[in-house]
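When we follow numbering that gives the first Met the number 0, the leftmost residue of the sequence shown carries the number 0, and every step to the right adds one.
Careful: at least some of the hints might be erroneous.
Stated by the list, open to error - Derived lysine to any residue pairs resembling SDA-like cross-links, with alpha carbons at most 20 Å apart:
hint, residue 1, residue 2
1, Lys-293, Asp-26
2, Lys-101, Asp-26
3, Lys-266, Val-224
4, Lys-19, Leu-57
As the list claims (entries may be wrong) - Simulated restraints on C-beta separations:
hint, residue 1, residue 2, range
5, Asn-175, Asp-283, 21 to 29 Å
6, Ser-60, Thr-285, 46 to 54 Å
7, Thr-106, Pro-159, 25 to 33 Å
8, Val-224, Thr-92, 34 to 42 Å
9, Asn-43, Val-208, 17 to 25 Å
10, Leu-57, Pro-199, 28 to 36 Å
11, Arg-189, Asp-84, 42 to 50 Å
12, Pro-182, Lys-19, 49 to 57 Å
To be clear, the hints were calculated from the coordinates, so they are not data collected in a lab. Beta carbons are placed, not taken as given, at the ideal position from N, Cα and C, and that holds for glycine.
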Amino acid sequence: MPPVAPAQNMRIGIDLGGTKIEGLLLDCKGVELARRRIAAPNHNYQATLDTVADLVDLLRSNVTHATETVTVGVGMPGSISPTTDVVQNANSTWLNGQPFHKDLAATLDLPLRTANDANCFALSEAIDGAATNAACVFGVILGTGVGGGLIHRGSILDGPRATGGEWGHNPLPWPNASEYPGPECWCGRRGCLETWASGPGMAADHQRVTGESLTAKEIATRAGVGELAATATLERHASRLARGLAHVANIIDPDVVVLGGGLSQMKHLYDVLPNLIAGHLFADTTTIEIRPPKWGDASGARGAAWLWDLEKEKNR
Numbered sequence: 000m001p002p003v004a005p006a007q008n009m010r011i012g013i014d015l016g017g018t019k020i021e022g023l024l025l026d027c028k029g030v031e032l033a034r035r036r037i038a039a040p041n042h043n044y045q046a047t048l049d050t051v052a053d054l055v056d057l058l059r060s061n062v063t064h065a066t067e068t069v070t071v072g073v074g075m076p077g078s079i080s081p082t083t084d085v086v087q088n089a090n091s092t093w094l095n096g097q098p099f100h101k102d103l104a105a106t107l108d109l110p111l112r113t114a115n116d117a118n119c120f121a122l123s124e125a126i127d128g129a130a131t132n133a134a135c136v137f138g139v140i141l142g143t144g145v146g147g148g149l150i151h152r153g154s155i156l157d158g159p160r161a162t163g164g165e166w167g168h169n170p171l172p173w174p175n176a177s178e179y180p181g182p183e184c185w186c187g188r189r190g191c192l193e194t195w196a197s198g199p200g201m202a203a204d205h206q207r208v209t210g211e212s213l214t215a216k217e218i219a220t221r222a223g224v225g226e227l228a229a230t231a232t233l234e235r236h237a238s239r240l241a242r243g244l245a246h247v248a249n250i251i252d253p254d255v256v257v258l259g260g261g262l263s264q265m266k267h268l269y270d271v272l273p274n275l276i277a278g279h280l281f282a283d284t285t286t287i288e289i290r291p292p293k294w295g296d297a298s299g300a301r302g303a304a305w306l307w308d309l310e311k312e313k314n315r
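Could you build all of it, start to finish, from the sequences and the hints given here?
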């Protein structure tokens with residue numbers, strides 16, 4: 000069961016993605032009362048602030064009793080630097096270097112907390128989702144980028160740099176000759192896991208090999224009807240994703256890995272990843288739990304709403 004908040008406490012959770020913004024309103028027991036999804040502005044910081052604020056207002060309009068308090072949590076790409084209080088490491092690069100928490104708080108008249116979107120996703124699935132009651136949960140976002148969040152005994156495991164769980168900008172483990180040095184990444188490095196395992200990374204790999212420009216969804220559809228080139232792309236992607244997950248598992252040894260983001264809907268991943276990962280695990284027991292999210296696209300927003308139930312969560 001989700002943690003029980005004080006009576007009459009309503010929560011708004013916002014998942015700020017690269018292509019869409021998902022928002023929902025939860026009551027004190029975690030029951031969803033309203034949900035909205037809108038397109039995310041691209042390359043426009045002020046428009047991003049305004050759009051999030053408008054979505055909060057829209058969701059808040061569903062609160063009908065004046066005695067009900069409302070809090071807001073926002074899951075965002077990257078994180079707020081504890082040192083500078085500006086955004087760092089966001090693949091929505093127009094947010095980087097901006098005082099997002101401060102600016103958004105100034106436009107809202109509601110209590111606000113922000114956290115990395117993958118941390119919010121992992122928190123949601125650990126509280127009352129696919130990894131309920133698991134002690135250590137690694138939540139993975141496979142979408143426009145590759146993100147990760149760590150939950151240990153119900154709390155976000157972060158650190159002094161606010162980058163806990165960020166595995167997408169580590170290099171692809173155990174690369175073969177054709178995978179080195181790897182594609183250029185927006186972060187300035189080459190061969191980051193994000194350039195291989197994200198949706199755009201899969202599409203770019205398919206185009207390099209076949210010369211054909213398709214989205215990840217189109218590749219999966221073609222593989223589903225037996226197209227060999229598309230099937231080969233999915234196999235390369237699964238191999239790379241498995242190596243990345245094995246690298247993380249060898250460090251943190253999670254009880255459960257939950258996949259989120261658009262690619263988490265590819266059902267073959269849950270069939271092939273455990274065996275692909277097994278050969279890279281540094282243990283005599285090589286089974287690993289890879290699960291789909293219980294809450295699907297809503298999980299990130301739900302986790303953002305639950306930020307107010309973390310007693311140790313900083314108000315940033």
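Quick rundown of the hints versus the structure:
{"no.": "1", "hint": "Lys-293 <-> Asp-26", "result": "19 Å, holds"}
{"no.": "2", "hint": "Lys-101 <-> Asp-26", "result": "26 Å, violated"}
{"no.": "3", "hint": "Lys-266 <-> Val-224", "result": "14 Å, holds"}
{"no.": "4", "hint": "Lys-19 <-> Leu-57", "result": "16 Å, holds"}
{"no.": "5", "hint": "Asn-175 <-> Asp-283: 21 to 29 Å", "result": "26 Å, holds"}
{"no.": "6", "hint": "Ser-60 <-> Thr-285: 46 to 54 Å", "result": "51 Å, holds"}
{"no.": "7", "hint": "Thr-106 <-> Pro-159: 25 to 33 Å", "result": "29 Å, holds"}
{"no.": "8", "hint": "Val-224 <-> Thr-92: 34 to 42 Å", "result": "37 Å, holds"}
{"no.": "9", "hint": "Asn-43 <-> Val-208: 17 to 25 Å", "result": "34 Å, violated"}
{"no.": "10", "hint": "Leu-57 <-> Pro-199: 28 to 36 Å", "result": "30 Å, holds"}
{"no.": "11", "hint": "Arg-189 <-> Asp-84: 42 to 50 Å", "result": "30 Å, violated"}
{"no.": "12", "hint": "Pro-182 <-> Lys-19: 49 to 57 Å", "result": "25 Å, violated"}
Of the numbered hints given earlier, the model fails hints 2, 9, 11 and 12; all others are met.
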